[in-house]
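Using the sequences and the hints, build the whole thing.
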Amino acid sequence: MARSGFAFRLTLIVVTALLVAGAVSYFAWRQSVPGVRAELAPAPKFIGLRTPLTLSLRAARGGVRSVEVVVVQGSTRAVVAQQAFPEPVANEQRLEITMAAKELGLQEGAATLEVRARDGFRRPIRVDHRPIVSAPVTIDLTPPSLEVLGATHYLHQGGGGLATLRVKGAARSGVKVGDVFFPAFPAGAADSGLAVALFALPWNLPDLTTITAWADDEAGNSVSRPLPAELKPRRFPSGTVELTEQFLSTKLPELLPERGTIAREQFVAAFLTVNRDLRKKAEDTKRQLAIRTQPRPLWEGAFIQPRNTKVFSNFAESRSYRYNGQQVDTAVHLGYDLASLKHSPVPAANSGVVVFAAPLTIYGNTVVVDHGLGLQTLYGHLSSIEVKEGDQVKQGQALGRTGITGLAVGDHLHYEVLIGGVSVTPVEWWDGRWIRDHVGRPLREANIPLLQSEFPAGASDERPAAPTRKRRAARPERG
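Going from the sequence shown to our numbering is simple: count from 1 and add 511.
Keep in mind that a hint or two might mislead.
Unchecked claim - Result set (BS3-like, lysine-lysine): computed pairs, CA atoms no more than 25 Å apart in a straight line:
{"no.": "1", "residue 1": "791", "residue 2": "853"}
{"no.": "2", "residue 1": "899", "residue 2": "792"}
{"no.": "3", "residue 1": "679", "residue 2": "743"}
{"no.": "4", "residue 1": "821", "residue 2": "905"}
{"no.": "5", "residue 1": "792", "residue 2": "821"}
{"no.": "6", "residue 1": "613", "residue 2": "679"}
{"no.": "7", "residue 1": "743", "residue 2": "792"}
{"no.": "8", "residue 1": "687", "residue 2": "853"}
{"no.": "9", "residue 1": "556", "residue 2": "679"}
{"no.": "10", "residue 1": "743", "residue 2": "687"}
Said to hold, decoys possible - Okay, the calculated beta carbon distance ranges per label pair:
{"no.": "11", "residue 1": "567", "residue 2": "522", "range": "51 to 59 Å"}
{"no.": "12", "residue 1": "897", "residue 2": "601", "range": "49 to 57 Å"}
{"no.": "13", "residue 1": "658", "residue 2": "599", "range": "48 to 56 Å"}
{"no.": "14", "residue 1": "739", "residue 2": "901", "range": "15 to 23 Å"}
{"no.": "15", "residue 1": "777", "residue 2": "841", "range": "36 to 44 Å"}
If you are wondering where the hints come from, they were derived from the structure by calculation, not from laboratory data.
The beta-carbon is built from N, C-alpha and C at its ideal position, and this holds for glycine as well.
Shown next as structure tokens:
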């Protein structure tokens with residue numbers, strides 16, 4: 512009996528020890544499960560009058576139950592955001608927050624941004640009272656100073672302009688045309704605050720669009736000033752392109768190689784893919800290339816139009832595409848089509864740096880040259896490319912030769928001028944007088960010697976040719 516009693520007690524002790532060890536391990540595991548993690552984008556250094564913040568929350572277990580964002584400054588505890596999430600709770604939550612320091616009762620100076628969050632996972636000891644983010648920030652309620660020194664006085668739809676600014680205390684500055692922002696670039700001594708911004712007015716600019724100089728700082732404080740300019744409307748041409756079976760059977764497989772052979776009954780659907788999806792892809796690429804610009808002008812004087820070329824399609828021409836007597840689509844042509852002899856040399860319109868030299872969907876083999884300050888030129892439908900990305904080119908230097916690549920109707924050059932990725936009429940930049948009056952004058956008003964010449968009248972020895980056609984058939988190049 513004694514032995515059996517001892518064995519029982521020993522067994523009980525062992526079982527109890529195992530149960531205790533298991534319980535301790537279990538509770539230790541539950542306690543070790545990490546709580547909600549937070550990520551702030553951008554990581555805030557300043558909080559201003561209206562500072563945007565994206566807060567991403569992630570729970571390992573139990574879902575995100577609630578979150579609180581506060582700013583602590585001395586005895587002030589200002590609640591920026593507070594939210595409880597309804598069932599069923601998700602393991603990931605994302606909040607867009609605007610921090611308005613003045614409305615929160617904060618003063619300029621140092622403060623701390625804190626984030627607390629709860630998940631639905633039970634732990635032996637709660638840790639929800641501890642902030643998962645505690646970041647030092649500076650409260651800044653003072654917007655940058657911004658002065659407009661000069662600007663292009665007469666602006667046209669589909670044209671460009673330049674503004675000269677004096678900016679202090681800004682992280683970004685430039686010109687806003689509606690919601691489209693064109694950055695300014697420093698000019699003069701670093702402490703002068705002088706800046707210049709080239710900007711574009713889209714061909715389809717809505718009436719009553721505001722055009723303002725604008726700046727903001729790291730805290731999100733912004734300031735704007737109207738530009739002293741008069742906006743003049745323009746009328747743009749229209750034209751018709753007749754799509755033939757021969758043209759479509761040649762071009763569609765070239766532009767949509769992944770589809771292989773395209774049957775006649777699929778021509779219209781395939782053309783819509785090219786004219787809409789591939790055209791949009793090209794426009795997106797042009798906007799992305801605008802970022803790769805030099806902060807100083809690389810050009811000098813008027814831009815040149817290739818010699819002995821004839822214009823057969825204008826800027827901002829509304830095109831109607833017809834197939835078998837029916838309109839199948841429309842598009843707007845954002846450049847000039849210039850034709851001469853087959854495989855003619857294509858000269859750089861002005862000096863700059865090549866930022867793109869490759870096929871570009873509907874434009875075929877394409878070269879884009881950056882001339883600085885957001886000003887770029889595009890050369891499309893080339894049969895060959897004779898430069899590479901990163902090359903410095905001089906005005907008149909051959910970039911390639913004309914061709915029929917892309918969605919080309921016959922051998923020609925598709926030529927565009929872009930400001931900040933927005934297409935503008937090339938005619939202005941072919942005109943030395945226009946550059947002198949619309950670009951040079953605002954620089955002179957601000958006494959900024961940014962460009963190397965005064966662009967005397969008649970600086971351009973090549974004038975744009977008069978457009979000639981209205982209706983044409985889309986046929987592949989012969990010979």
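Hint check results:
As the CA atoms of residue 791 and residue 853 are separated by approximately 28 Å, the hinted pair breaks the 25 Å bound. At roughly 21 Å between alpha-carbon atoms, residue 899 and residue 792 fall within 25 Å of each other, so this suggested pair holds. Straight-line distance between C-alpha atoms of residue 679 and residue 743 comes to about 32 Å, which puts the hinted pair past the 25 Å bound. A distance of roughly 23 Å separates the Cα atoms of residue 821 and residue 905; the hinted pair therefore holds under the 25 Å criterion.
For a cut-off of 25 Å, the pair hint linking residue 792 to residue 821 is broken: about 28 Å separates their Cα positions. With a CA separation close to 22 Å, the supplied pair residue 613 and residue 679 stays within the 25 Å bound. A threshold of 25 Å between alpha carbons decides the hint, and for residue 743 with residue 792 the separation of about 31 Å lies outside it, so the pair is violated. As the CA atoms of residue 687 and residue 853 are separated by approximately 42 Å, the hinted pair breaks the 25 Å bound.
Of the supplied pair hints, the one linking residue 556 and residue 679 holds, its CA atoms being roughly 19 Å apart against a limit of 25 Å. A distance of roughly 18 Å separates the Cα atoms of residue 743 and residue 687; the hinted pair therefore holds under the 25 Å criterion. Remark: the range hint 51 to 59 Å for residue 567 to residue 522 is upheld by a beta-carbon distance near 52 Å. A C-beta distance of roughly 55 Å is found between residue 897 and residue 601, which places it inside the suggested range of 49 to 57 Å.
Distance hint check for residue 658 and residue 599: the Cβ-Cβ separation is about 55 Å, which falls inside the suggested range of 48 to 56 Å. In this structure the supplied range 15 to 23 Å is violated for residue 739 paired with residue 901, their Cβ-Cβ distance being about 39 Å. At about 20 Å, the CB distance of residue 777 to residue 841 disagrees with the hint of 36 to 44 Å.
Going through the hint list in order, the structure does not satisfy hints 1, 3, 5, 7, 8, 14 and 15.
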